[in-house]
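Protein chains in written order, with the numbering used here: chain A, 1 to 277; chain B, 1 to 686.
Incorrect hints may appear among the rest.
Among the chain B residues that face chain A by a calculated CB cut under 10 angstroms, a handful are [said to hold, decoys possible]:
| # | residue |
| --- | --- |
| 1 | N86 |
| 2 | R207 |
| 3 | S213 |
| 4 | N581 |
| 5 | S595 |
| 6 | S597 |
| 7 | E676 |
These aren't lab readings, by the way, just hints derived from the structure by calculation. Here a beta-carbon is modelled for each residue, glycine too, at the ideal position from N, C-alpha and C.
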Amino acid sequence: MRRALLLAALLLPATALPAQARSEATTTPRKTATATTRKTLPKPAYHAADAPTNAPVAYVGGMKPVMDQGRYFHGILDQLEGRYAPGGTDFRWDGEAWYGGDYNRLWLKSEGTLEHGRLHDGDHELLYSRAVSPYWNVQAGVRADIDDGPTRTWGALGVQGLALYQFEFQATAYVSDRGRFASRIEGSYDFLLTNRLILQPQAEFNLYTRSDPARQVGAGLSDVDAGLRLRYEIWRKFAPYVAVSYAGYLTQARRIVHDQHGESGALRLTFGVRSWF
Amino acid sequence: MLIPSRNRGGLSRRRFVTGLGAGAAMAALPRPLHAHTPAAGQVPPVARARWDLRVGRARIEIDRKVLHAPCIGGDVPGPVLRWRENDTVCINVTNTLADEDTSIHWHGLRLPAGMDGVPGLSFAGIPPGQTFTYRFPVTQSGTYWYHSHSGMQEAQGLYGAIVIDPPVPDPQACARDYVILLSEWTDVPPMDMLSNLKMQDDYYVFRQRTLASLPREARGAGGTLAALKDRLAWSRMRMAATDIADVTGVIYTYLLNGHAPDMNWSALFSPGERVRLRFINAASMTFFDIRIPGLEMLVVAADGNAVEPVPVDEFRIGVAETYDVIVQPKEARAYTLFAQSEDRTGYARGTLAPQPGMSGPIPPMDPRPVRTMVDMGMGDMKPGSSMKDMPMADHAPDMQAPHGHSHPMPHHESSTMEGMDMTDHAPHAPMSDMQATTLEPAPHGHDTSMPRHEAGAMEDMNMENMHPAGHGHGMPMPEQGMDEPMHHPRTAPMHTHGAMHHDMPAPGMAPVLEVDDPGPPPLNVENQNIARMPTDRLASPGDGLEHNGRRVLNYSQLRATRPGSDPRPPTREIIMHLTGNMERYIWGFNGRKFSESGPIRLRRNERVRFTLINDTMMEHPIHLHGMWSELENGQGAYRPYKHTLISQPGSKLSYLVTADAPGLWAYHCHLMLHMETGMFRTVIVE
C-alpha cells in the first residue's frame with residue numbers, strides 16, 4: 001500500500017507533464033494511416049524563413065537590436081504567518097526565490113516552522129530549474145533538512161509548473177545519501193472572489209520510504225500541511241491574509257509523534273502576509 | 001496654447017523644473033527649437049529640411065507621475081517635424097544623455113538603411129555627447145512619426161510626429177490641420193514592468209473574471225452553467241479571456257499630445273470648416289479606439305498613404321499606426337476627441353472647440369472586450385467545446401459542405417464546387433479547375449496562393465461545423481475565408497500546402513510560388529497555443545468593436561487611391577506564425593524568440609508575400625522597416641500601403657512586399673515589451 005502510494009507520487013510528475021515534448025518534432029509530419037490520397041502527396045518540406053542559421057549576422061558594433069535574454073531575480077514568501085490554537089502558537093514560513101532567464105534558473109526554496117522556540121520541519125533546497133514545456137520546469141538539486149533535529153541531505157529531482165485549470169503544482173522526488181527515498185507534492189489554486197480578494201486552498205504532502213523517528217518521519221504518507229487562505233492584494237506584491245491551516249502527521253508518523261508525546265495535528269487560525277519582490 | 005491643469009492649480013502642463021540647479025542646467029542647454037516650436041499638436045507653419053534635435057533627460061510631471069524622461073528639447077512628445085516630399089532632409093541629433101546611447105528611428109519612412117536609426121542594424125547608435133546627422137531624400141508624404149530604438153527610451157517619452165507635405169497640392173488639404181499623437185505615461189520604468197510580467201503575467205490586469213463578476217456574465221451567457229463552462233474552458237487552457245492588454249491604466253495615464261485627460265488639450269475650429277486630424281499611436285503598449293461623439297470622421301489616409309475616403313464613427317488605431325481623418329463640425333460647440341484604451345482601463349481625451357477653454361461631455365467607456373474561441377484560432381467553436389468533438393476530416397476526406405465556405409466573392413458560386421470529389425483526383429487537378437472556374441475572376445490580390453489553401457482545407461476537413469462566416473462576430477469573410485488547413489499537431493499532414501505548391505505547375509498561371517512554411521508551430525516553452533483554424537478577420541474592426549451600433553473602420557475597407565506600383569505577383573511566400581507564452585512572458589515568431597532565430601533573407605527586388613498566422617490571443621502590430629507592406633484585403637491592385645499591420649488574435653492575413661531597399665532591417669511587433677522579449681527578426685535584403 002505504501003509502496004503504491006509512493007509510486008503514485010513519483011509517477012505524478014510524469015503524468016502531470018502534458019504531451020509537451022512535441023517541440024520541433026511536429027515540423028516533420030508523422031504518417032497517419034488515413035486517406036488514400038495522402039500517398040500521392042509528397043512530404044511537406046517545412047522550412048521557416050527565420051530558421052536558425054550557422055552564419056552569424058554582422059550586427060553593427062556587435063550590437064543586438066533587442067536583448068531578449070534578460071535575467072531576472074524574484075523572491076516570494078507565499079506563507080509568512082502565525083498560527084494560533086489553544087494548545088500553542090507557532091510561526092511558519094514558506095518561500096522561494098529564483099534568478100535566471102527564460103530557460104535556466106537557479107531556485108532557492110525554504111520552509112520551516114518555529115514552535116515554542118524550536119525550529120522544526122525546516123528544509124531548504126537549492127535547485128537548477130530548466131523550462132521544458134509551455135508550463136513546466138524540471139528541477140534538480142539538493143535539499144537539506146536543517147532545524148532542531150538531525151540534519152539530513154537529499155538529492156532532489158522534480159517538476160514545477162502550472163497544471164490544467166491553472167493549478168500551481170510541484171512534485172519532487174528525493175534520494176538521501178543513506179539510500180532512502182522521499183517525495184513531496186504541493187499544490188495550490190487561486191480562486192478569485194474579486195480581483196484583489198483571493199481564496200487560495202493549498203496543500204503539501206510528504207512521503208518517505210523509511211521511517212526516521214529522530215525527525216518525526218514515518219514510512220509512507222508522513223505529514224500534511226494544508227491551508228485555506230483568504231488574501232487581499234493591497235498591491236500585487238503585498239497581500240495580508242487570514243486562513244485556517246492544518247498541520248499534522250499521518251499513518252506511521254502519527255504513532256511516532258504520539259509516542260514522543262508530541263502533538264499529532266492541529267487546525268489553527270492563521271494570520272499572515274504574502275509578499276514578493 | 002497652454003491649458004491650465006485643473007489638478008495643479010494653474011501650473012502649465014509640466015516641465016516645471018524644481019531646484020535652482022536643475023533650472024540653471026536647463027537654461028544652460030541650448031534649445032534652439034524652443035523659440036519656434038508651436039504648442040503640442042500644432043503643425044509648424046512651414047516645412048523645413050534642416051533640424052537640430054537634442055536628446056536629453058528632463059524632469060516631466062504629468063498626472064502626478066514624475067519621470068526623468070529621455071526626450072527632445074525637454075518635451076514629451078518631441079516637436080512635430082514638418083518636411084516636404086522630394087527635399088533632402090538633414091537632421092542633427094545630439095545625445096546629451098549622461099551615460100546611454102540613443103537613436104531616432106523614422107517610423108514608416110523609406111530611406112537608405114544606414115539612416116533608419118536602429119542600433120546594430122543601421123548604425124552604431126549615438127553615444128553620449130555625440131551628434132549623428134541623418135540625411136536622406138524624402139520620397140513620400142503623409143503622417144508619420146519618429147521614436148527612439150535604443151533600450152526602452154521610446155516607452156518613456158522619446159517620440160514625436162512627422163508631417164510631410166506632398167509635392168502637389170493635397171486634394172484633402174484642410175484649413176485646420178492638427179496632429180493628434182496618442183501615447184501613455186507612467187513613472188514605472190519599463191524594465192520593472194517587464195520584470196513584473198516575467199513573475200506574474202497578469203500583474204497589471206485587475207479585470208479578471210471573478211466570483212463577483214459571475215452573475216453578470218451568467219446573464220450575458222444565458223445561464224450560470226454556460227458561464228461556468230466557458231470559464232472552465234479557458235482555465236483548462238491556462239489562459240484568461242480577459243487578457244486584453246499586458247499593461248493597463250492601473251499604471252498608465254493616457255496622453256493626447258502629451259496632455260493627460262484632465263488637462264483637456266484643445267484645438268480650435270470655425271463651424272463648417274473642414275478639420276484634418278492626423279492620429280498617431282505613439283504608445284508603447286496600448287491600442288486606442290477613437291471617436292468624436294457627434295461627428296462623422298472621414299478616414300482619408302492610413303499609415304501616411306491616401307485611401308479612398310471611408311466615413312466612420314469610430315476606428316481602432318494599433319500601436320505605431322497612423323490615420324488621417326477629416327471632420328466637419330457644423331455646430332459652434334465643443335466636441336470631445338475620445339480615445340479609450342482597448343482594455344477600457346482609461347482614455348486619452350481632447351477637445352475640438354470654436355473657442356478656447358471649452359470642453360465637451362466625456363462619454364462613458366464601453367465594456368471591455370472578452371476574448372472568445374475565435375481569438376484562440378478555433379474558428380466558431382462554442383466556448384467549452386473541445387477540438388476532439390469536431391469532425392476532423394482526416395478520417396473522412398469527403399467534401400460535404402463546400403457552401404460552408406461562404407465566400408462573398410462575387411463570382412464564387414458555391415455550387416461550382418459542389419459535387420467535386422476531391423478524393424479521386426490528384427490534389428492539383430481540381431485546383432486548376434477551381435482556378436479556372438471560380439477563383440480567377442475574383443478581383444483580389446490573391447492570384448496564386450489561394451487555390452492551394454482552399455484545396456488543402458477542403459480536402460482535410462469536413463466543413464459542416466466550421467462556418468467561418470457564421471460565428472458570433474457576424475462578419476463577412478471577404479476573400480480568404482477559412483483558407484488554412486487546420487493546424488493540428490497530431491495530424492501534421494493536414495498542413496499540406498507546404499507540399500502542394502511544389503508540384504503545382506498550373507499551366508498559364510503565375511510562376512511557381514516558393515513557400516517558406518514553418519509548419520504548425522511547436523508547443524514549447526516559447527509557445528502555448530496553435531491557432532487550429534485561423535480565420536480571416538480583415539472585415540472585423542477588432543475585439544470589442546463589433547456590433548456596438550457604430551460604424552467602425554475595418555481593414556477590408558481600406559482602398560488605396562491609386563494602384564500599387566509593383567504589379568508583379570509574388571514569387572515567394574513567407575509564412576510567419578505569431579507565437580508567445582503569456583504565462584512565461586516570452587514572445588516570438590514560429591515558436592522562437594529573436595535570439596534563437598536566424599535572419600529573414602530577401603533577394604533584392606524580390607516580390608514576397610508575408611502571411612501572418614496569429615497563434616496568440618492578442619493583437620500584434622507587425623512593423624517592417626524600410627519597405628511597404630501592401631495589405632491583401634480584397635481591393636485588388638488598390639491594396640493599401642502600410643508600415644504597421646494589426647494581426648488580430650486567431651487570424652490570418654497576408655501582404656506583399658517588394659524588397660527594393662538593400663540592407664539590414666528590423667521586423668517586429670511594435671508592442672515594446674513583446675519586441676524586447678523576442679518578437680523581432682532581422683530582415684536582410686541583399
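To see whether the hints hold, each was checked on the structure:
With its C-beta approaching chain A no nearer than about 29 angstroms, B/N86 sits outside the 10 angstroms limit, and its interface hint is violated. At its closest, the beta carbon of B/R207 sits 7 angstroms from a beta carbon of chain A; the interface hint therefore holds under the 10 angstroms criterion. Proximity of B/S213 to chain A holds as hinted, the smallest CB-CB distance being about 8 angstroms (cut-off 10 angstroms). Interface hint status for B/N581: upheld, as the beta-carbon distance to the closest one in chain A is roughly 6 angstroms, under 10 angstroms.
Against a cut-off of 10 angstroms between C-beta atoms, the interface hint on B/S595 holds, since the closest Cβ of chain A lies about 5 angstroms away. A hinted interface residue such as B/S597 counts as satisfied when its beta carbon comes closer than 10 angstroms to some beta carbon of chain A; here the least separation is about 4 angstroms, so the hint holds. Interface restraint check: B/E676 against chain A, minimum CB-CB distance 6 angstroms, threshold 10 angstroms, status holds.
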